[in-house]
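> Sequence:
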Amino acid sequence: LYRSSDHGGNFIDCVKSREKTIAPIEILHRSVSIAHLGNIAMLLHRKVQWDPDREVFVNDPEADRMLDRSMRSPWRL
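Residue numbers 1 to 77, in this note's numbering, belong to the letters of the sequence shown in order.
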């Protein structure tokens, strides 16, 4: 089991070296998602229901719109 007090630094080091990070990126994605989902529920002042397989809210287009934001020009996906 690996330990690190600097996951951000480990990530940057791994980008440069192409090594694997201490924690798998999928785990980090799920961990950060919890914070984003909590913030969205707090901003909406209500409970939300999340579908982790599809990564969308269940029957909640208002909450879904808060999952992304438009990018400043000239950036786009």
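It is worth saying that the hints were derived from the structure and are not from the lab. Don't be surprised by glycine CBs; every beta carbon is placed ideally from N, CA and C. Some hints here could point you the wrong way.
Taking CB as the label site, the calculated pair distances span [stated by the list, open to error]: (1) Arg18 to Gly38: 31 to 41 Å; (2) Lys16 to Met42: 34 to 44 Å; (3) Ser17 to Arg46: 37 to 47 Å; (4) Arg3 to Met71: 32 to 42 Å; (5) Ile12 to Ala35: 12 to 22 Å; (6) Lys16 to Asp68: 23 to 33 Å; (7) Ser5 to Ser73: 31 to 41 Å; (8) Gln49 to Asp13: 33 to 43 Å; (9) Val15 to Arg46: 35 to 45 Å.
With a Cα cut of at most 20 Å, we get these calculated EDC-like pairs of lysine to aspartate or glutamate [what the hints assert, rightly or not]: (10) Lys47 to Asp64; (11) Lys47 to Glu19; (12) Lys20 to Asp6; (13) Lys16 to Asp6; (14) Lys47 to Glu62; (15) Lys47 to Glu26.
> Compare the structure with each hint and give your call.
Going down the list of hints, with the structure as the test:
no. : hint                       : in the structure
1   : Arg18 to Gly38: 31 to 41 Å : holds (33 Å)
2   : Lys16 to Met42: 34 to 44 Å : holds (36 Å)
3   : Ser17 to Arg46: 37 to 47 Å : holds (44 Å)
4   : Arg3 to Met71: 32 to 42 Å  : holds (36 Å)
5   : Ile12 to Ala35: 12 to 22 Å : holds (21 Å)
6   : Lys16 to Asp68: 23 to 33 Å : holds (29 Å)
7   : Ser5 to Ser73: 31 to 41 Å  : holds (38 Å)
8   : Gln49 to Asp13: 33 to 43 Å : holds (38 Å)
9   : Val15 to Arg46: 35 to 45 Å : holds (38 Å)
10  : Lys47 to Asp64             : holds (13 Å)
11  : Lys47 to Glu19             : violated (40 Å)
12  : Lys20 to Asp6              : holds (15 Å)
13  : Lys16 to Asp6              : holds (16 Å)
14  : Lys47 to Glu62             : holds (12 Å)
15  : Lys47 to Glu26             : violated (25 Å)
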